[in-house]
Structure formats: structure tokens, C-alpha cells
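Visitor: Using the sequences and the accompanying hints, generate a full structural model.
Protein chains in written order, with UniProt numbering: chain X, 1 to 105; chain C, 1 to 472.
Heads up, some of the hints might be wrong.
Claimed, not checked - When the alpha-carbon atoms are kept at most 25 angstroms apart in a straight line, the in silico DSS-like pairs for lysine-lysine are as follows:
{"no.": "1", "chain 1": "C", "residue 1": "K305", "chain 2": "X", "residue 2": "K69"}
{"no.": "2", "chain 1": "C", "residue 1": "K214", "chain 2": "C", "residue 2": "K174"}
{"no.": "3", "chain 1": "C", "residue 1": "K98", "chain 2": "C", "residue 2": "K214"}
{"no.": "4", "chain 1": "C", "residue 1": "K305", "chain 2": "X", "residue 2": "K28"}
{"no.": "5", "chain 1": "C", "residue 1": "K278", "chain 2": "C", "residue 2": "K98"}
{"no.": "6", "chain 1": "C", "residue 1": "K334", "chain 2": "C", "residue 2": "K346"}
{"no.": "7", "chain 1": "C", "residue 1": "K410", "chain 2": "C", "residue 2": "K364"}
{"no.": "8", "chain 1": "X", "residue 1": "K69", "chain 2": "C", "residue 2": "K334"}
{"no.": "9", "chain 1": "C", "residue 1": "K359", "chain 2": "C", "residue 2": "K383"}
{"no.": "10", "chain 1": "C", "residue 1": "K445", "chain 2": "C", "residue 2": "K411"}
{"no.": "11", "chain 1": "C", "residue 1": "K346", "chain 2": "C", "residue 2": "K383"}
{"no.": "12", "chain 1": "X", "residue 1": "K69", "chain 2": "C", "residue 2": "K314"}
Unchecked claim - Covered stretches of chain C (chain X as the covering partner; in silico rule of three or more C-beta atoms under 8 angstroms from a C-beta of chain X):
{"no.": "13", "region": "214-222"}
{"no.": "14", "region": "297-311"}
To be verified - Between beta-carbon pairs, the in silico distance windows are:
{"no.": "15", "chain 1": "C", "residue 1": "S256", "chain 2": "X", "residue 2": "S24", "range": "42 to 52 angstroms"}
{"no.": "16", "chain 1": "C", "residue 1": "G89", "chain 2": "X", "residue 2": "Y59", "range": "52 to 62 angstroms"}
{"no.": "17", "chain 1": "X", "residue 1": "K64", "chain 2": "C", "residue 2": "E369", "range": "43 to 53 angstroms"}
{"no.": "18", "chain 1": "X", "residue 1": "Y59", "chain 2": "C", "residue 2": "P339", "range": "31 to 41 angstroms"}
{"no.": "19", "chain 1": "X", "residue 1": "Y59", "chain 2": "C", "residue 2": "S80", "range": "51 to 61 angstroms"}
None of these hints come from the bench; they were simulated from the model.
Don't be surprised by glycine CBs; every beta carbon is placed ideally from N, CA and C.
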Amino acid sequence: MDAIGTENTSKNVDSTHEGNENTSVEIKVLFFARARDVTGLTDMPLVVASGSTAENCLYELMSKFPSLKEISNCMVLALNEEYISESTIVKNGDELAIIPPISGG
Amino acid sequence: MESNGNEELSRIIDELKSLKTEKSNIEHRISALEAQLRKIKVKKDDEMPNSNGSCTSTVKSFVDSSFGHGLSPNMIYRYSRHLLLPSFGVQGQSNLVKSSILVVGAGGLGAPALLYLAACGVGRLGIVDHDIVELNNLHRQIIHTEAYIGWSKVESAAAACRSVNSTIQIVEHKEAFRTSNALEIMSKYDIVVDATDNVPSRYMINDCCVVLGKPLVSGAALGMEGQLTVYNYNGGPCYRCLFPVPPPTTACQRCSDSGVLGVVPGVIGCLQALEAIKIASVIGEPLSGRMLLFDALSARIRIVKLRERSSQCKACGENAALTQQQFQNFDYEKFTQSPLSTSPLKLNLLTPTARISSKEYSEKVAGREAHILVDVRPTHHYKIVSLPNSMNIPLPTLEDRLPEISSALKKEEERRGVNTGSSACLYVICRRGNDSQRAVECLHKMGLTSAKDIIGGLETWAHDVDPNFPTY
Ligand SMILES: [Zn+2]
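Guide: Below, the structure written as C-alpha cells:
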């Protein structure tokens, strides 16, 4: 995980630079399973301040959709189809996926 | 004339009925005998195994010594399309024939997984389930047929697998998978397929795989979505690495409550068979450390890279060292706050005076008692079937729509000309009698203290009052 973290951080040096000009970044949030049910959406754009972490994005989403809190402890968080920790910084155009487990069969 | 026609009609219906019963009895007898026959055949085959060198059959020893892969002429013909695959070939098939796979759950995921695993020639295939086949399973659990309704799923699935491939060994575990029997059952297999439908089973199967060091092919499906991963394999993460904290019970949904498009678990079950076959035959790149997300509506499949094994994991982490004893003592129902069995929740929130039975309610309707019936199910449930003159106010909207209930009560009182002093009654119903209790609690708090719930909901109504009322 550390390897990915470092990679993301190093990439972010450039985007932070760009971000300074815009002061905000727009990402696409993808909802799966229960997250889809509680938001009623499969995806949505989200604008956050540049330099925001995935955790910041989650807080933003939970203030929009308070019922997302119920799954906040039990989900996989992926940025551009790769697992990330909540401290990863998001860049313009990133895809943040919120994936709670399904248990049905 | 007409009475003659009616007589003939009922004679035909009666004869059809009795012939169908006879036919189904004969079919059951045939399949039971076939199963017996195959068991005897398998036993005989076991007595002369083709891979341990000391073969009693001259043909088999000829095959062994000539070709060195342990596949009999019959096997070569049956699996020829596998053998013709350069990337699979004799080595892949030979590995498969020697492998053993346990499928936990013979439902929507297990059905296609089992059929493919039986067909492809896995040496030993175990099936665990304690459920029986019901009519509302058949839209997705394609291994079961109408003739097996009311039979155990394991027997039904085993019979179907045997009819596809009588040369493999099929082991029936007709019991619930629990901490008390999990280690013993699972230890007899190389690979485990999780085809269950509930959260505690998923944690239990994961932990058991970690304790015994077995790869776990995990699939799940609900609504229009499916998920697939291989856990605890080649240093990859386990289920607990990803989800150390179980989801809250409000977030847990089952197909019996939320619905599922039949083919969705079918797709995931097929992919589970594929991953199990890859691991068993040692080909390709199993889906370890990655999760496949299937979205049926948008026809999209995404594969997300997962985290590595967590050193903090309670099951497989560095300091975890989960022992067999600890596993057996772990209370999975308590940990996940949900039951292992599929039996639906039965709440008991109200005092008996705040409840009436469906029979009592039917008497009140017959006695033309002034009342209002509120159905608190979701609207798409209400559209399936509902009681006459009920009003649909889904539970989450109840507080907001309280004025509607109050005005409906007033109208009913005026319409029935209820004497001043007494008032129209308020009854609440739902599918099984849980949400109706939650609704009555809520109504009491909001001042409608006369509200009562109909015990057991529409299911009990269908059972006790109107057998023709559809259930779902
Ligand atoms: Zn783990």
C-alpha cells in the first residue's frame, strides 16, 4: 500500500500546482450497492478544494447524504480503480468509488 | 349440456392431478435409485483409483503407464474440449480431476457454480445447505426443478450434478454450516466457494478458510449488482482485511427482502466456478487482491485493485494467529448482529393490546367496523398485491404523512356516522409484521394511541384468512 500511496502523492505534486490556479478540483464519485440505494445515484460529480483527501470527499458526501454514515465503517474506497487509504489526495478528473460489500446470493 | 361439460371438465382436472402426482412420485423414485446406483459406482471406482499406482484394472494401468496423466479413455473423450485448449490441456484437466471443491450454499450463486464444477470434472464436489427448495427460488436457482419443491436443496443439487456427470464424487452435507461443523467439513477440501446469502456466514467461512489455509472464492449478488473476489490466496487479503467491521444491520439486505434479477447471481456464480477451476487446475491469474464489480443495468464490469493483506487483520494479520479453538468459540451472529439462518426477523415491540391477529381483523371487516387500514410497505411492494381499501404510506414517509391519516380517520367517522365519543380504529399492516410494529410505535408517539398492528402481516393473512391471497 505504501508504494501506491507514494505514487499518488508524487503525482499530486503536479496537480496541486494546477490546483493552485483553480483552487478546486472536480472528481467523479461512483456509488455501488448500498451506497447506490441510500443516495439514489450511480455516480455524481463532486467539487472539492484542491489538496482535499478522500476523507474530505467522504465528509462532503455524508453531509449531502447523511444516510451514507451507516456504511462509512464498512466499505472499500478506490480511486481510479485502485484501493486507497482515506488520506490520499484527489486530483482533477479522478474517479472515487464507494464500494460497500454485498452479502446476498 | 352445461352440467355435462362441467362434469367432464372436473373429471379431466382430477385425472390430470392424479397422473401428475403419480408422475412426480415415479420421478422421485427414479432419481433416488439413480443416486443410489451412482454412489455404488463411485465406491467401486474409489476401490480402484487411477492415480495411486497400484491399479487393479489392466486398462487403467495401461493408460497410466502409456500416457502418464491418469486420464481414462472415457475422461479423454468427455473432457476433450478442455484437452484441446493449449493453455489448459492434459495438465489442467488432470489437476482438476484430482482436486476437491466445497460449495457452501446451493442457492442463486451455488446453482450455476455447482453445475459447471460438476460438468468440468472436479474430482470431489461437496455441497452444504440446510434449506429446502421453494417455488420462489426457481427464477434464479436454476439447478433445482419443480419436481424438487419441498425437497432439500442439497439432495436436489446433488441429483442435478450427478445427472450431468456421474463420474465425479458428490458429497452431500445436508446441514447448516456452523462453527461446530465448519472445520471438519472444510478440511476435506482444497478450495472453498462462498455462495451463501448472509453476513455472519461470510465472516465465518472467511475465518475458517484462514484457519485451514484454504483459498476462498467469494461471490455475492443483490438487485442488479454482483461482486466477486478470491480471498486468502497467494498472500492476498482476506474478507476481514477489507471489512474488519461488519456492516450495520440496516445496511444488510437479502434477496428475500430486496429482490434480485435471477441472471445476476447466475453470472457471478459462473465466474465463481471459473475462478475455482483456475485455482484447481493451476492456470491463469486468479482474482486475488482484486474485486470484480458487475453492474447488470449499465452492462459494466469494473475490476478494482484491493489493499494488501492487513497486518492488523483479526483473522490473518501478523499477530492474529486465529486458532481452531478460537474460531469454534467465536459468536458470528453476535459479531454481525444478524442471524445465520435465513429465517426472517420476528420483532416483538408492542404490548398485546396494541396488536390484533389477521383473523380478528377479518372479523372486523366482516362486521363493517369503522376503521382505516394503513399499509406501510414500499410502493413497489404495494403494487404487487394489497388488501382492499388500504392506504399505502411507506414507513419512511409516515411522519410526514400523518395529516393524511388523521383526515382519513375523520372521513371514515363521518361516513360511518360513528357516535360522538367513539372513533374509527387505525390498523397498520406490512409484509411480515415487523415494519407495522415500528409504524405503530411511531404513531403512538405522535398521538395516535389507538393504532394497532396486524400480527404477522400479509403473510399471516394469506396463511390464516385467505389462502388465495398471493404471497411473494
Ligand atoms: Zn485478513
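Visitor: Does each hint fit the structure? Answer for all of them.
Guide: Going through the hints against the structure:
no. : hint                                  : in the structure
1   : K305/C with K69/X                     : holds (24 angstroms)
2   : K214/C with K174/C                    : holds (22 angstroms)
3   : K98/C with K214/C                     : holds (16 angstroms)
4   : K305/C with K28/X                     : holds (18 angstroms)
5   : K278/C with K98/C                     : holds (13 angstroms)
6   : K334/C with K346/C                    : holds (17 angstroms)
7   : K410/C with K364/C                    : holds (18 angstroms)
8   : K69/X with K334/C                     : holds (22 angstroms)
9   : K359/C with K383/C                    : holds (23 angstroms)
10  : K445/C with K411/C                    : holds (22 angstroms)
11  : K346/C with K383/C                    : holds (24 angstroms)
12  : K69/X with K314/C                     : holds (24 angstroms)
13  : 214-222                               : holds (count 4)
14  : 297-311                               : holds (count 8)
15  : S256/C with S24/X: 42 to 52 angstroms : holds (45 angstroms)
16  : G89/C with Y59/X: 52 to 62 angstroms  : holds (54 angstroms)
17  : K64/X with E369/C: 43 to 53 angstroms : holds (47 angstroms)
18  : Y59/X with P339/C: 31 to 41 angstroms : holds (34 angstroms)
19  : Y59/X with S80/C: 51 to 61 angstroms  : holds (59 angstroms)
Violated hints are absent here; each numbered hint is respected by the structure.
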